[in-house]
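With chain X fixed as given, assemble chain A onto it according to the hints.
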Amino acid sequence: MGLLSKKDVKLITDPLADNNPITIQVLGICSALAITAELKASIVMSIAVLFVLGVGNVVISLMRNIIPSKIRIIVQLIVVATLVIIVDLVLKAFAYELSKTLSVFVGLIITNCIIMGRFEAFALANGPWRSFLDGIGNSLGYAVILIIVGFFRELLGSGSLLGIKVLGDPIEKTGVYAFGYENNGFMLLAPMALITVGIIIWVQRSRNEALIEDN
Amino acid sequence: MEHLELFFKAIFIDNMVFATFLGMCSYLAVSKKVSTAVGLGAAVIFVMAITVPLNWLLDTYILKDGALAWLGPEYAAYDLSFLSFIMFIATIATMVQLVEIIVEKFSPALYNSLGIFLPLIAVNCAILGGSLFMQSREIQSLGLAFNYGVSSGIGWFLAILAIAAIREKIRYSNIPAPLRGLGITFIITGLMAIGFMSFGGMLTGGDEEEATEQTVQVEVTKEAIDLANNEKEIIE
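Chains X and A are the protein sequences, given in the same order. Per the working numbering, the very first residue in the first sequence carries number 1; after that it's consecutive. Per the working numbering, the very first residue in the second sequence carries number 1001; after that it's consecutive.
Because the hints were derived from the structure by calculation, they are not lab data. One should not assume that every hint holds.
Claimed, not checked - A short, non-exhaustive set of chain A residues, derived as facing chain X with CB atoms under 7 Å:
1. 1028
2. 1123
3. 1178
Here a beta-carbon is modelled for each residue, glycine too, at the ideal position from N, C-alpha and C.
Just chain X, with the same shape it has in the complex:
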């Protein structure tokens, strides 16, 4: 670990659990809920956010001394919007079907609070290398939650993972379906995403009592 000091490692590992952007800082919920009906969409979304937040944090950090503080929000939005356009065009070129599934949610990365939140809280006050690590750490923390939610929703909702039917065929009654198991179609609907995240928060906070809120 010659390149990374102890502090730097902490920047990456902290957001994965005890300072998770979704469950603790309550940032970037919208996309975490809307696109997690399939594992594949969650993974692609995580990669998109990783790219935008990593690069964006570096750009903002490099410009932090020349941005007038009054218009910094507009400057930040323009930087994110440019990066998101790149992501959107790449998705349309190489994964057209998937970009249809994600529809407006790629565009909504612009207003994903994780990104603005990290710009404001970190990149404006720190150098490019540390900002880059912070961006990577936070988007990995975001990715962890997205992948957990996507995993359970796809497994319980359609009995498959990444489109592969892991539980057998529901129509020909193979695998677990032979024993009378049924897919819970309700898991694919919007409200169950909220409840799944609620349960993740419950589990996380019962394991770490320090995170419990007052009311």
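Okay, now just chain A, sitting in the frame of chain X:
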């Protein structure tokens, strides 16, 4: 009739919070008290009523495929729609700043109640989401775009008002400690979203395309009802 349909659809069926999860960050952060929730909700309606029609104009006359035809036939082949993200967010950010300045100048009372929320709004996904949905659902006229902006805003307002009221009451309940605060809010929002799905059957009739969309939603609702009944049976 068209207007009325869009109005109810945007408020109840395609509710910003419960159907598409937009603006969740501020929805969770600012819903601890009813009074602040009302302030933010009103600001969202206000800003959406301005930005959605503006972005509609931008989309129709500048960004769409062939939208530049009014400049002359040689411009008809341009398709600038890849610029829409940056154009929309720039419009929203500038409008929010402009509204803030105007409100501060002419109505200090309104500024005191809305003022602190306005900067929050530039990064509220509901606002950008409203414009992006307006684009992807191909809303036909400026009037309809204005209607869509206002009614989506009202839908968001309703949602944040309801959750704030519930959270004020729930403070006195005995919730398992790890669920307190964020956890229970998520689960309540989920239950409210299930409730809002029952509005799916509200608009029946209309043209054929509408009708097919309706049946899908009705099926979904039936599923929800069956599930609720099952749960009831289990409890009984």
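**Report entry** Violated hints, by number in ascending order, as checked against the structure
**Finding:** Hint check: nothing fails, all pass.
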